[in-house]
Amino acid sequence: MTDLPLYNSIKQQLRACRSKEETFKALVALSKRLTRLTAEEKTEENRVKGCESAVWLIIDNKDDTSSIKADSDTKLMRGVLVAILSLVQGKTKTERQKMDLKAELESLNLGSYLTQSRANGILAIIEKIKK
Amino acid sequence: MTDLPLYNSIKQQLRACRSKEETFKALVALSKRLTRLTAEEKTEENRVKGCESAVWLIIDNKDDTSSIKADSDTKLMRGVLVAILSLVQGKTKTERQKMDLKAELESLNLGSYLTQSRANGILAIIEKIKK
Amino acid sequence: MAFDPHSLRQDFPILSQQAYDHPLVYLDNAATTQKPLSVLDAIQDYYRSFNANVHRGAHYLSDKATTRFEQARDTVADFINAPEQSHIIWSKGTTEAINMVAYGLEHLLEKGDEILITSLEHHANLVPWQQLAFRTGARLRVLPLTSEGEWEDEYASYFTDRTRIFAATQVSNAIGVHTPLQAMLTQAKQHNAFTLVDGAQAVAHYPIDVQALDCDFYVFSGHKMYGPTGIGVLYGKAHALEVLIPYQTGGEMVQHVTYQSTQFNTLPYRLEAGTPHIEGAIGLAAACKFLTQQDRHALLAWEQSLAHHVYTRLHKESQVAIYSPETHTTLVSLSVPNIHTLDLNAYLDSQGIAVRAGSHCAHPLMAQLGVAGTLRASFACYNTLEEADRFCDVLLEAIDLLTDE
Amino acid sequence: MAFDPHSLRQDFPILSQQAYDHPLVYLDNAATTQKPLSVLDAIQDYYRSFNANVHRGAHYLSDKATTRFEQARDTVADFINAPEQSHIIWSKGTTEAINMVAYGLEHLLEKGDEILITSLEHHANLVPWQQLAFRTGARLRVLPLTSEGEWEDEYASYFTDRTRIFAATQVSNAIGVHTPLQAMLTQAKQHNAFTLVDGAQAVAHYPIDVQALDCDFYVFSGHKMYGPTGIGVLYGKAHALEVLIPYQTGGEMVQHVTYQSTQFNTLPYRLEAGTPHIEGAIGLAAACKFLTQQDRHALLAWEQSLAHHVYTRLHKESQVAIYSPETHTTLVSLSVPNIHTLDLNAYLDSQGIAVRAGSHCAHPLMAQLGVAGTLRASFACYNTLEEADRFCDVLLEAIDLLTDE
Ligand SMILES: Cc1ncc(COP(=O)(O)O)c(C=O)c1O
Ligand SMILES: Cc1ncc(COP(=O)(O)O)c(C=O)c1O
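Residue numbers (my numbering), protein chains in the order written: chain A, 1 to 131; chain B, 1001 to 1131; chain C, 2001 to 2405; chain D, 3001 to 3405.
Bear in mind the hints are in silico, worked out from the structure with no lab data behind them. Just so we're clear, the structure is a prediction, and the values are computed from it rather than from any experiment. One thing to keep in mind: the hints can contain errors.
[Stated by the list, open to error] Here are some, though not all, of the chain C residues that point toward chain B, as calculated from beta-carbon distances under 10 angstroms:
| hint | residue |
| --- | --- |
| 1 | Leu2015 |
| 2 | Tyr2020 |
| 3 | His2022 |
| 4 | Gly2149 |
| 5 | Gln2294 |
| 6 | His2297 |
| 7 | Pro2337 |
| 8 | Asp2343 |
| 9 | Ala2372 |
| 10 | Leu2401 |
| 11 | Asp2404 |
[Said to hold, decoys possible] Cross-link-like lysine to aspartate or glutamate pairs, in silico, EDC-like; alpha carbons within 20 angstroms at most:
| hint | chain 1 | residue 1 | chain 2 | residue 2 |
| --- | --- | --- | --- | --- |
| 12 | B | Lys1098 | B | Asp1060 |
| 13 | B | Lys1025 | C | Asp2404 |
| 14 | A | Lys102 | C | Asp2021 |
| 15 | B | Lys1025 | C | Asp2400 |
| 16 | D | Lys3064 | B | Glu1021 |
| 17 | A | Lys128 | A | Glu44 |
| 18 | A | Lys91 | D | Asp3393 |
| 19 | A | Lys25 | D | Asp3400 |
| 20 | B | Lys1069 | B | Glu1022 |
| 21 | B | Lys1025 | C | Asp2045 |
| 22 | A | Lys32 | D | Asp3021 |
| 23 | B | Lys1032 | C | Asp2400 |
| 24 | C | Lys2237 | C | Asp2209 |
| 25 | B | Lys1091 | B | Glu1045 |
| 26 | D | Lys3064 | B | Glu1106 |
| 27 | C | Lys2289 | C | Asp2021 |
| 28 | A | Lys25 | D | Glu3242 |
| 29 | C | Lys2064 | D | Asp3404 |
| 30 | D | Lys3064 | C | Asp2021 |
| 31 | A | Lys32 | D | Glu3242 |
| 32 | B | Lys1025 | C | Glu2397 |
| 33 | A | Lys49 | C | Asp2393 |
| 34 | A | Lys25 | D | Asp3393 |
| 35 | B | Lys1032 | C | Asp2393 |
| 36 | A | Lys32 | D | Glu3397 |
| 37 | D | Lys3064 | B | Glu1052 |
| 38 | A | Lys130 | A | Glu40 |
| 39 | C | Lys2064 | A | Glu52 |
| 40 | B | Lys1025 | C | Asp2393 |
For every residue, glycine included, the Cβ atom is placed at its ideal position computed from N, Cα and C.
Model the full structure from these sequences, guided by the hints.
This is the structure:
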């Protein structure tokens, strides 16, 4: 988790994409920065319901900053997860709850990667992160 | 039943109609020629199923010529019944069965008075007459 | 009367045709309304630019179709003031929506439970409950309402602690009267019954607020409110929709399937099996927009004024028996003793006038009124005063022609 | 290959658009097809010139609408060679048609009876039977078919004297293989089971003759055969339709109603409650006509040649696993080990290519194949060889991009 890119650079990178193809490539590149979960960590309990791809989220709330880990079976979602994690890393639970994660993600220009059915998945992730 | 008009004159009359209104008026005029059934004759058994208006048919098959009586609660159907009865009156059962009643009725130019849902009713009458 | 239907009629090209060499006068709006061009355009646009199957796909067209399909749900939710779009379930029409509820609540009914309807119901809000009663041993009870839409003093005895379901129409399709809905719903809720309102005849005319009504279920058809055929709505409160056993199963409504078990999806999807009527949903949303863009109070006042005009003219004729209220209705239902309504109807038709004759899918109500059927002229926003007058004139002609001697 | 899809494409204006600045390549036809102009025109014509409610009315427009609505039934009957139009029941689609049968036969099932399906079924032809089994205590059995559409030698043990219902798809939506339908139907009939054939994936491609198939029920959706959404067909033999308990009740499907009892109408009406999807029926008839006006053998040969072309090109690529047959299919379903189909799909989409990734509403079949999902390119008559090639090219690009290191 320590080697996540800075959120602002991710944002810049994604917002610079001029086509769906460029966004695709950017997300695939980002996906490589994710520390994958182990098979043991990918439990039914950690699974986020409502996503088209399989997504797992593990939140370990501590007093100062929480540790959040995540994984998905698709590269694209791993790319999105890198963006989300870099946004909330180092934040406490209360801080996370104050953030407008949805608006922030929408500002990333992910276009149809955040459409209806998949957006529901993203909303489920956001909800879980805020809990 | 003796005072039914001749079928050919009915046919001429109906085929001469130039509009739906004229056909309406002709059928209403014809309806007056029907000998009505008594309340006792209008049994559930004599009722023809599948007509939009209520229609009753009583067939008394004899060796030479059968006697057929009919009635309806609507004037228009009574007009149609007069046409049908004048067509089959004096005929034996075998003779009736040989007739193409449907084609004959279609030739009367009744137009939308013989449409889908009502045509089903007319078909039910024809079936009963042929039995 | 500031409202002028003539400009609105531009949106309905079907109305400017001849029927049997007479100008078409379409007064069968309670059966189905005509559709404005904006609805036709929405349908064309869907098929010409973004038709695709929804939800399951992830490609350009299916993203577009899914977005527009779910936006249609939003539009309909707003139209009836539903709190959330997931409370809107697409159905084929009012009939299917009622069947979905009747089937879905079956598991909660026991022998001796009571299902209460009113005496003004359309068969669609009667037969499904009757069959449910047959299947479960519940008792179908009928709250007698007068043809003025009033109830007797002893109404309270109909609502009991065994009343599990109360289903009532908002407006009678056969005679146009309003039921005392709010009062009945209050009674039903005091007895913890599930409540269903049949809005089929209301949505085209009256602004609907399901939260103000506070009913558990509200159902209606698109084709009676300027929308396409084959689409309708089951609105429900979350808890009410959640207890429904899915009426249909198959694709879309499941989360995971094995041969041993099936895990159903969340609302609204768990109640929508199979590929939905995507075009219908989009067309219905266009119909909602058509209505909300109008001054709805002016529309309603106009429709009511047409019915009132007909009422006033025909009320004077001693041969005519009118079953509809004098005011606050958009239709006039009548009969002429000793003349069959089908005969009247045929003459009106020969003059290009479309009304409806018969029992209006309400046999028990006809029995209550003591008639075999009525003749019903029902108005929509595009009808004109001339049309209302023409109906009266031709009806009187028909009565003349059909009176014996 | 004498057939030229380019002139046919004139009838499908939706196909000539750009998706993300690339020409749209629509290869998601097994999910839903695009609609020819003749279908759109039929819909427009209905609403612009003769929209009215059917059957109940007796006026100019409703006569026209009723006639055209029943002619649509004739057209569909001819299309699948049904002996009589009254054997054609309109439904919302395949899913609803199967639910109608599953519900309608419930009264004939007893604990211990068996319902047999195959291992290649879409959820629509699985979940309704599973739920019926849950309700009645019947046993759902699954005839294992290989992904080549062949069955094991011991198939005979699956057909028993307790087999009351046998339901099978004609063509698998997920992998495009044909089931050994005729042989299975013969077995089922020897055991006096009711037989249902899911024709959802067949009707757009193969001429259907329900009398030759000799099944009790045949079901399909309009939207998968160039017709509108929200409409489908339940065909049944007379005796089979007659034993069905009406799934939905309400208006149209009754003859007489009192509070104590209801007398149902005759076929086809007793199984069609409520105002039907009139526009949908008329649109579906236009789709049937569109197909019968084509040289259907040429169309099929063309569609199969496109699938075969893709098969041949991708079969050479060692990374690609193909689940569809080499010939006699109109779609190619594949996966690439270690690359998620959703990732492949996303790249294809970014290049304007519409295919489908996922489980295709067939979870148990995916489990049988040992994959989470596949990528499916499915062809229709309007697809071109260039499109087939472009799909292959871009897929290979995607595999390159998504292969690690
Ligand atoms: C084989 C098969 N059966 C059933 C269905 C369900 O059809 P519909 O969603 O139109 O009801 C489909 C389509 O998704 C299918 O491919
Ligand atoms: C009051 C009422 N309820 C239910 C229905 C049934 O609606 P649909 O036929 O659209 O399902 C109608 C219309 O015929 C109606 O007027």
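Hint-by-hint comparison with the structure:
1. The beta carbon of leucine 2015(C) comes no nearer than 20 angstroms to any beta carbon in chain B, farther than 10 angstroms, and the hint placing it at the interface is violated.
2. Among the interface hints, the one on tyrosine 2020(C) holds; its C-beta lies about 4 angstroms from the nearest C-beta in chain B, closer than the 10 angstroms criterion.
3. Checking histidine 2022(C) against chain B: minimum C-beta separation of about 9 angstroms stays under 10 angstroms; hint holds.
4. With its C-beta approaching chain B no nearer than about 29 angstroms, glycine 2149(C) sits outside the 10 angstroms limit, and its interface hint is violated.
5. Hint on glutamine 2294(C) is violated. Least Cβ distance to chain B is approximately 34 angstroms, over the 10 angstroms limit.
6. With 10 angstroms as the threshold, the beta carbon of histidine 2297(C) stays out of range of chain B, its nearest partner Cβ sitting at about 38 angstroms, so the hint is violated.
7. Given the 10 angstroms rule on beta carbons, the hint for proline 2337(C) is violated: about 13 angstroms separates it from the nearest Cβ of chain B.
8. Because the smallest distance between the Cβ of aspartate 2343(C) and any Cβ of chain B comes to about 5 angstroms, under 10 angstroms, the interface hint for this residue holds.
9. Below 10 angstroms, beta-carbon pairs count as interface contacts, and alanine 2372(C) has one with chain B at about 8 angstroms; its hint therefore holds.
10. Against a cut-off of 10 angstroms between C-beta atoms, the interface hint on leucine 2401(C) holds, since the closest Cβ of chain B lies about 7 angstroms away.
11. The criterion of a C-beta within 10 angstroms of any C-beta in chain B is met by aspartate 2404(C), whose closest approach is roughly 8 angstroms, and the hint holds.
12. Taken as a hint, the lysine 1098(B) and aspartate 1060(B) pair is honoured in the structure, with Cα atoms around 18 angstroms apart against an allowance of 20 angstroms.
13. Proximity of lysine 1025(B) to aspartate 2404(C) is assessed by CA-CA distance (about 13 angstroms); at most 20 angstroms being required, the pair is judged to hold.
14. Straight-line distance between C-alpha atoms of lysine 102(A) and aspartate 2021(C) comes to about 62 angstroms, which puts the hinted pair past the 20 angstroms bound.
15. The straight-line distance between the Cα atoms of lysine 1025(B) and aspartate 2400(C) is roughly 12 angstroms, inside the 20 angstroms bound, and the hint therefore holds.
16. A hinted pair counts as satisfied when its Cα atoms are at most 20 angstroms apart, and lysine 3064(D) with glutamate 1021(B) qualifies at roughly 18 angstroms.
17. Restraint check: the Cα-Cα separation between lysine 128(A) and glutamate 44(A) comes to about 14 angstroms, which is no more than 20 angstroms; the hinted pair holds.
18. Taking the CA atoms of lysine 91(A) and aspartate 3393(D), the gap is near 45 angstroms; set against the 20 angstroms cutoff, the hint is violated.
19. Our distance criterion of 20 angstroms between C-alpha atoms is met by lysine 25(A) and aspartate 3400(D), whose separation comes to about 12 angstroms.
20. Using a Cα cut-off of 20 angstroms, the hinted pair lysine 1069(B) and glutamate 1022(B) is violated, with the two alpha carbons roughly 26 angstroms apart.
21. Restraint check for lysine 1025(B) and aspartate 2045(C): the C-alpha separation of about 47 angstroms exceeds 20 angstroms, so the hint is violated.
22. Of the pairs offered as hints, the one joining lysine 32(A) and aspartate 3021(D) is violated, with about 28 angstroms between alpha carbons and a cut-off of 20 angstroms exceeded.
23. With a CA separation close to 16 angstroms, the supplied pair lysine 1032(B) and aspartate 2400(C) stays within the 20 angstroms bound.
24. For the hint linking lysine 2237(C) to aspartate 2209(C), the alpha-carbon distance of about 13 angstroms falls within 20 angstroms, and the restraint holds.
25. Simply put, lysine 1091(B) and glutamate 1045(B) have alpha-carbon atoms about 23 angstroms apart, too far for the 20 angstroms limit, and the pair is violated.
26. Of the supplied pair hints, the one linking lysine 3064(D) and glutamate 1106(B) holds, its CA atoms being roughly 17 angstroms apart against a limit of 20 angstroms.
27. In summary, the hint linking lysine 2289(C) to aspartate 2021(C) is not supported, as the alpha carbons are separated by about 34 angstroms, beyond the 20 angstroms threshold.
28. About 59 angstroms separates the Cα atoms of lysine 25(A) and glutamate 3242(D), which puts this hinted pair outside 20 angstroms; it is violated.
29. In summary, the hint linking lysine 2064(C) to aspartate 3404(D) is not supported, as the alpha carbons are separated by about 32 angstroms, beyond the 20 angstroms threshold.
30. The suggested pairing of lysine 3064(D) with aspartate 2021(C) holds, with an alpha-carbon distance near 15 angstroms, which does not exceed 20 angstroms.
31. Taking the CA atoms of lysine 32(A) and glutamate 3242(D), the gap is near 62 angstroms; set against the 20 angstroms cutoff, the hint is violated.
32. Between lysine 1025(B) and glutamate 2397(C) the CA atoms are separated by roughly 12 angstroms; this keeps the pair inside 20 angstroms, and the hint holds.
33. As the CA atoms of lysine 49(A) and aspartate 2393(C) are separated by approximately 65 angstroms, the hinted pair breaks the 20 angstroms bound.
34. About 17 angstroms separates the Cα atoms of lysine 25(A) and aspartate 3393(D), which keeps this hinted pair within 20 angstroms; it holds.
35. Restraint check for lysine 1032(B) and aspartate 2393(C): not satisfied, since their Cα atoms lie roughly 25 angstroms apart, outside the 20 angstroms limit.
36. For the suggested pair lysine 32(A) and glutamate 3397(D), the alpha carbons sit about 19 angstroms apart, so the restraint of at most 20 angstroms is met.
37. Restraint check for lysine 3064(D) and glutamate 1052(B): the C-alpha separation of about 17 angstroms stays at or below 20 angstroms, so the hint holds.
38. For the hint pairing lysine 130(A) with glutamate 40(A), the CA-to-CA distance comes to about 24 angstroms; that exceeds 20 angstroms, so the pair is violated.
39. About 17 angstroms separates the Cα atoms of lysine 2064(C) and glutamate 52(A), which keeps this hinted pair within 20 angstroms; it holds.
40. Between lysine 1025(B) and aspartate 2393(C) the CA atoms are separated by roughly 17 angstroms; this keeps the pair inside 20 angstroms, and the hint holds.
In summary, the numbered hints that this structure violates are 1, 4, 5, 6, 7, 14, 18, 20, 21, 22, 25, 27, 28, 29, 31, 33, 35, 38.
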